[in-house]
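We have chain Y; now place chain S onto it with these hints.
Going down the list, the sequences are from chains Y and S.
My numbering numbers the first residue of the first sequence as 1 and each following residue consecutively.
My numbering numbers the first residue of the second sequence as 534 and each following residue consecutively.
Just so you know, these hints were derived from the structure itself, not from any lab.
If you're wondering where the values come from, they're calculated on a predicted model, not measured in any experiment.
Not one of these hints is a red herring.
Label-pair distances were calculated between CB atoms; the ranges are: (1) Y/Q305 to S/P911: 39 to 45 Å; (2) Y/E323 to S/Q913: 40 to 46 Å; (3) Y/A160 to S/P911: 48 to 54 Å; (4) S/G948 to Y/R381: 50 to 56 Å.
Don't be surprised by glycine CBs; every beta carbon is placed ideally from N, CA and C.
Listed here are the chains, written in short residue letters.
Protein chains: 2
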Amino acid sequence: MTTPLPAGAMQPYALTLDRFIDHAAKWHGATEVVTAGGGGITTRIGYAALRDRARLLSGALQSLGLRAGDNLGLLAWNSQAHMECWYGAVGVGIVCHTLNPRLSPAHLAAMIAQAGNRVLAVSPDLAELAQALTGLCPSVEHVVVLAEPGPATPLPDCGAVRVWRYEDLLAMRGSRVTWGGFDENAPAGLCFTSGTTGAPKGVTYTHRSNYLHTVHQLQADACGLTARDSVLVAVPMFHANGWGFPFSGPAAGAKLVLPGRHQDGASLAHLINREGVTVAAGVATVWLGLADHLDRMGGETPSLQRVMIGGASVPQALMDRLERRLGVVIQTSWGMTELSPLGTAATPTALSRKASHSGRPPLGVDLLLTDADGVPLPEQRDREGRLRVRGAAVVQRYFGQDEVAVDADGWFDTGDLASIDAQGNVTITGRAKDLIKSGGEWINPGEIEAIVGALPEVAQVAVVGRADPKWGERPVLVIEACQGADIADEALLGALKNRVPSWWLPDEVVRVPAMPLAATGKIDKTRLRADYG
Amino acid sequence: MTTPLPAGAMQPYALTLDRFIDHAAKWHGATEVVTAGGGGITTRIGYAALRDRARLLSGALQSLGLRAGDNLGLLAWNSQAHMECWYGAVGVGIVCHTLNPRLSPAHLAAMIAQAGNRVLAVSPDLAELAQALTGLCPSVEHVVVLAEPGPATPLPDCGAVRVWRYEDLLAMRGSRVTWGGFDENAPAGLCFTSGTTGAPKGVTYTHRSNYLHTVHQLQADACGLTARDSVLVAVPMFHANGWGFPFSGPAAGAKLVLPGRHQDGASLAHLINREGVTVAAGVATVWLGLADHLDRMGGETPSLQRVMIGGASVPQALMDRLERRLGVVIQTSWGMTELSPLGTAATPTALSRKASHSGRPPLGVDLLLTDADGVPLPEQRDREGRLRVRGAAVVQRYFGQDEVAVDADGWFDTGDLASIDAQGNVTITGRAKDLIKSGGEWINPGEIEAIVGALPEVAQVAVVGRADPKWGERPVLVIEACQGADIADEALLGALKNRVPSWWLPDEVVRVPAMPLAATGKIDKTRLRADYG
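Just chain Y, same shape as in the assembly (with noise of 0.2 Å):
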């Protein structure tokens, strides 16, 4: 035997988010962070140049008092200044905690409570509400209004509440600090989850797993994104890190395109065409604007090549419509906060797609389906169970909590009901607790929501429980109708005929000129079960 030897050693590399923007500014220094403001006008800056910004910006938040794992409110929509918080603000150790514009003013005083929000940084044209945080809120001591393209805005009166104009603040108070030197563990994020169901909950994304997820995300067959690529991020920064692309774009040195609070069809169909915007991603509401722009309109998106869509299942005639109008492949793809967000996602070349297949988990990522008490199903395919998620980018346990989120073997339950098919294509079916429940047995809005969701007259469906003396609960069915198109009861009743039970079928059909959406965009079940359950 011969005496041992030290092992040897690779380097330290801790897992941290300024590594995203070092990278991009040092090997794609040129490569352009474009801000959209309304009426075509649009700033840009390259990664080096927003990096120096970024480092200029640390030294400000600390002279504001923030040091690392406090929390920097943000209530802003997705531009240049937006990124440079972000980076400014990790860098050093600070806490981004996103916050959602479109959600009340007591949603959101309680979380920048919770969070112990001192400095909040917000758009120009949410002053007004900064104004009426600031009121709701004492822990904030400075607001700063981050510089944005547009008209120039005066600023809000908050009273002893400090204000300042974002450049106002980097040309006073900015100075280069060094970045670094936490654990890759330390928090770099916190968003609470949306509001539509109980009290939201705040998920902290640490570093390493905001990295990990990043990498992961990547991947060829998830968002394989290539520095070529010009990146639309339509999905806002507030929503789950923007689905990650502000720290995926800088890391594979991709063009970001910024759309800021534009997402309407016109400024899109701008922006893609003058940006060469080659992926895009973003809820269908948000491309279903762009392919009715384009058909009212004319014109064409020739540079853009690829859509993700997540945060809810599209309908596949609007899937095929979108496909054909915008000449993209489709990438389907399914995510929650509390996985950073990405789930699964539907590979970008697959041959044959569906629009209710979600695609599979990228390395990183595994999945289990479990009965409703959480035993795993002995047969995981083809099988439909509630989904439990374990992962580098899952969530452990929220904000504030001291318990854990995650069962004993550490699986994170989703609340979502799921299947998965023999190739390992993920069909997420519904949500535990929309299931309906009638004579005692389980009916399954999401089943029925996407036979109906699939007829070309149909912009929106969904299907929610009414309480019934007899039965407990029975399905009534509401529907948004297309632009000038109508379709009767019957033909909507029969789609289902002999592809659900006869018992599934719908006691009642409900037309509404808009579905009711939540804060991110999602339909609000809880504004149908209180209107028409």
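For chain S alone, kept in the frame of chain Y given last:
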């Protein structure tokens, strides 16, 4: 101020190598690993079954006395059994010590002694070498002769050392032990650098470094494998982990095609067409052999889209010929054992690709040009300097050594000379130790080799220094002409005129029928210096 709340946490997820085969087994379980024997014989197995056999092997290796942290000696070609050994070993923390069968028994014995190998797994056709090694290596207690497709071979007689047939070992000692449970910084691999320059040094790969190397390598602009790829790994697994493909293949769910020791043009052409190979990786001489075979015998390789070349720079004429003849994109790259090995890669879809360019570093690798004293060049673009590297999978300290192998700022000196253009493309211009000092000034053989190597008549080229009483050293040009081609000294030297300083022109031209190659397939400059220097 609110009371600080617990910050929340994401799930623990150790970056260990069993993740790759677990992911492949669960989500790409039927995707195959194909091994070629001679004469068109192949064996194949799906990832699910391969994982099961690897788990069985884990118990068998433990039964032979191997424990976490011990090194398993592997002297084998690329095959299914070799992959099972890798995953079976690392799953329980055993370290894969890969050995190059083309090294001399004395070299190998020194490495085995340093690693303290008690078990040696060998390819069947290397049984004689194994027999010789057991005589030289008192630490070895067991020899396992791997199962590989081809005619049955007799077991070697290793005296007191117990010799196992692989399948017998699995059947008699196999048991499905649980994987994991060790730290992600635990060692996973050991690879000694090849012995062309000085004493071989062992690089210890860790689970974490190989995991991060894999996800960085899998970015779309580097290797970008997908689940629809069929990947021919024509780079030996004993050469810097087969460039990482036995990890990145299952991580992406790609099919792996392992050629065993059959790397001749005829075998590769057959294998590529039979297995629908889309991506291939290996040194240039392997693909030259394939192109020569197709030229002689006719035939095409229509499925093949991309060939990744590393190990040494490729002449432009050869790259052009390979792209035309094979109908592929040649992806140049640069790496070394100490980098796990990926340093830079040309993007697969870049519009203007030059053979001399090795591409850009992926996220996770950073580069610095310094002068001979290690002082960073003030200007990092369009200057030649010594290339230093930092990264997640770069050596910090060699096996058995107490001192680190990096400078005070954490940079590893590659010993390569390089320049980087404005777009970030790296060109390796030579080896610092190959520089020739003539009249007190430096001559870079790499620049001369690049120009002469671009001549269509030249297959291989090397410039070495010869001692000179007046100038100290003078360059000698050694060439191997292409099959059936010849070129006069005047034409060779004429190509250099006005492109290098006149005093760089070699004093003599030497023609060799075949360039001497080191065990890794690179030109053996040590031998050239001995013969002609």
